[in-house]
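> Could you fit the two chains together into a complex? Lean on the hints.
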Amino acid sequence: MDENQLIIHFQAGEEKAFKHIFNMFNNRLVFFTKGIVEDPDSAEDLVQDAFVKLWDKRLNFKDLTSIKAFLYISLKNVSRNAYKHDKVTQKYRSQLEEAIDDNPIFLKIVEAEVLEEVSKAIKELPEGCRNVINLSYFEGLSNQEVADQLNISINTVKTQKMRGLRALRNLLKEMAPALIILISKLN
Amino acid sequence: MDFHIADLITKYLKGETTPSEIDEIQAWCKQNESNQLLFNQLTDVNYVGKQIKHWEIANSNQMWGKIKAQTLPEIPTRNLFTKRWAWAAALLLPLFIVGALLVYKANRNALNEVQMAQLRTKKANPSTYNQVQLILNDGSVVDLSKSANKKLSENDGTVIENDSSTLVYGKNENKNTALTYNTIVIPRKTQYQLVLADGTKAWLNAGSSLRFPTQFKGADRVVYLEGEAYFEVAKNAKMPFKVISGSTSVEVLGTHFNVMAYPNEKVIKTTLLEGSVNVSNGSSSKILVPGEQAQISGEQLKVIKANTDQIVAWKNGLFAFNDTDLPTVMRQVERWYDVDVSYDGKVPTTKLTGEIPRKVKLEELVNMLKYKGINLSLDSKTITIKAK
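Protein chains in written order, with the numbering used here: chain A, 190 to 376; chain B, 416 to 803.
With the rest of the complex left out, here is chain B (with noise of 0.2 Å):
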């Protein structure tokens, strides 16, 4: 694009031409009528005067607005950098990145073992395909998938990164005593990964919610978790870390460990592989070591050995079962692929064990079941498993 006599004409104006230039503008003129014609407008004090009464743009920081809140995150980025912590985040960042690349492969490889082909044919419905929603302090909500790659910021400074697959808080040293919550909720079909401001880290599960606040402050880091969660909580002895669900806490100093505790399952299983937690549920409270699985049922609360593998195999990408009962099977199909599961007439005994790929297609799983011997019809979003 040529802006050359644009530039030629504000000179003019400006009575700073020389002849040779002033050739220039007149053999343009020349050129043709409408050339003459603006040349004539623009040389024409009353006709400049009109055009530029109004020149400013009344709204315009309305329109900046608009454009930083779909640009700049709300906190300038300079300041970010100029932070030690902001150093150490972008030198994480590969690491994190590092760990993400192998949860993408492990996907792969599990779908490597089904039919790669049968898989691409099929894509999801996405009408029926809910979104990850998060609920900022003030109530209102952000649609994550809609905001994917863009940094959001709360009102307390924090400054909250979103790739599409995870979410990641910044720290911030902002010292207001309050504290600020988050809550993401994790819609069935699909499973997000978050950072939280001290770098714990937190897998969420199809169908499930966890409310936190964006800065830990205080003697305690307490998060609020309905349905299943993997985390690895990042070592801070002088601030226990906190899992609520319900009746249930399990409290932490820094380890990994998996809890779930979605509404319809009877019991809440808090599963150690890593450190140790204390898990209570009001009235009485046990220590687990690595491998031990804690099982909250009303007042009650045992210990049992666990398969850890299995039971923390969904944030890799895969159905692990291990003798596992038909409903405790259906409930996952139901959350993964947002369907209804209903049983006419006595529920089978049929134990499974073996590992599915969370990417299969519904109507595949449904033919491995039927495979195993169940009888059971797909029709829509409804599941129907019928006693033999």
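Next comes chain A alone, as it looks inside the complex (with noise of 0.2 Å):
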């Protein structure tokens, strides 16, 4: 389906279209919105509502993109309100309303969406490699214990780090160095 198609039957209120959004979009908002509220645990509640708001407004979005930012843009307003119902905060209100930096929150919402972009990218290698991956990279294991852990031969771990190294070239390649070393001790 591409993005019209998923609008449209998104518009026309099919479950599958909203789903498809909501799986779109969820990771990264709950992300955000814990790091720019006080109480984490209150972020998927918050995350729900932003989604049944955007189901009562479903008819003025044209794209992605707009949904996305309206998304990023509820949460943000929800967590200022929260920052408004707080005592403390209220009594200063007034002098800091000019000196809120959104600067933070826009910076949450790069992050975010590098972060899922990353992830994304990951999801899409070979099954294989993702594993190889995610046990060598994010879990630091050596060659040997992903070979172990995965009962694949030390060979196979190697030219699938390679794979996935040009799936994330730059993140990667700082590790690459110490894989190559890696590989030859192995050798």
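I should point out that these hints are in silico values taken from the structure, not numbers from a laboratory.
Computed spacing ranges between beta-carbons, pair by pair:
1. B:Gln451 to A:Pro229: 24 to 34 Å
2. A:Thr345 to B:Gln441: 34 to 44 Å
3. B:Asn461 to A:Asn292: 22 to 32 Å
Beta carbons are placed, not taken as given, at the ideal position from N, Cα and C, and that holds for glycine.
Here it is in structure tokens:
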């Protein structure tokens, strides 16, 4: 389903399209909300509310970017209101109002967006390659440990790692020299 | 909102940036320290690994369930419109809307007769206002005022639409033979309209309840009424429509009639406006012709000529009395204004004739009755009528 079709089906009130949009944005919105509210436990509830609000206003959106922006903005506004209800903050609100800097919130959005893309890139890797990447880069296991855990040969671990490198070249390339040393040692 | 810098950093991580884009990222990092710090974090494999390790929300199915409950009907809309009847329903919808508008207009006109300005300044007290409730087959209770404009659904697949004054049951071709029952409870001070799955319309008066199947199946269409309702039964010669109130049963094939069967009314009254009905109390039965009213009181069944306009005036937002005795008038007042009426001494024999819009405030109604020579006092939720 391309983006236009998805939007049309969403606006027509189809569950499948709505769920697709939910899955598309849920992880990053929860991450974002946890990063900007005082009580991270409330993040999931706030995100749910934002999706309900999105549903009510669904006829107003022409593309996914405006849907995404709407979701981030409504969550940002909710967190702002939460600050306003805080009594201590209330006292200094007038002075703070202008000083409140949107940049930390903006940076949280940048972070959520980039991490979503990284996780998507890893998810798009073939399963064998993805497991190797997860264990060796993100869990910090050695090639031998990865090979043992996944019950594959060291050579497979090495080739899968090189393949994974291509998906996130710059992110993983700092690790590459270490990897090469490791490979030479194992050989 | 600008996602440009996030796109650039993602591109950078994938090694897809052009030299000018790298310049752009560098310029952004130089703008302030926090930008630079974030860039450093996002290019640090350990940091990124730690963040995305738990990226998938474990709870997402539950979250979706809660969102769904607040937005979607349980049946996907797409299935709804592949069915022929759904198109028919869609085509009929304007008719319902016209009907609703007519009722609304009638109420508006009625309101014009009284002093609008006076009414506007006095608002109903919401704390004493009970809500219309729907009891589903599994026993769960839905507050219809809170779920207005939302679609509900029963576990037999029936979609129920609620627009805050009307509940509409969609027809459903589920072959399951078991009947699924819903009960709607209308508190005092309010009335509600219902469209059943066969297209039959029911207007329910204050202080009433109706138990009905979400889909009609089998040999007849049976509903159970306590209180007062006006029915416009959809014609179906093969499946008689029956209204059961205590020991009284009214059987019809397709017609317009009103049943009043409040527990505190001694007489159950069935009034026919159109078509024909068969009224029975177990021991005897009578067929009515339009304009007739059957009165059942215990074993007794008698038929009289009735003023049908007056009988169904409530449906159009009016109290209508024609030489009506005071206790009968006051029982309607009790139900509509949610008050209790007590008599201090002998009950006055005054008879009342005329129409009063139901939108009139209780205080005004009390004044009207005083003007009629009735000695009564209103104390919060109790009206006391004194013998003269």
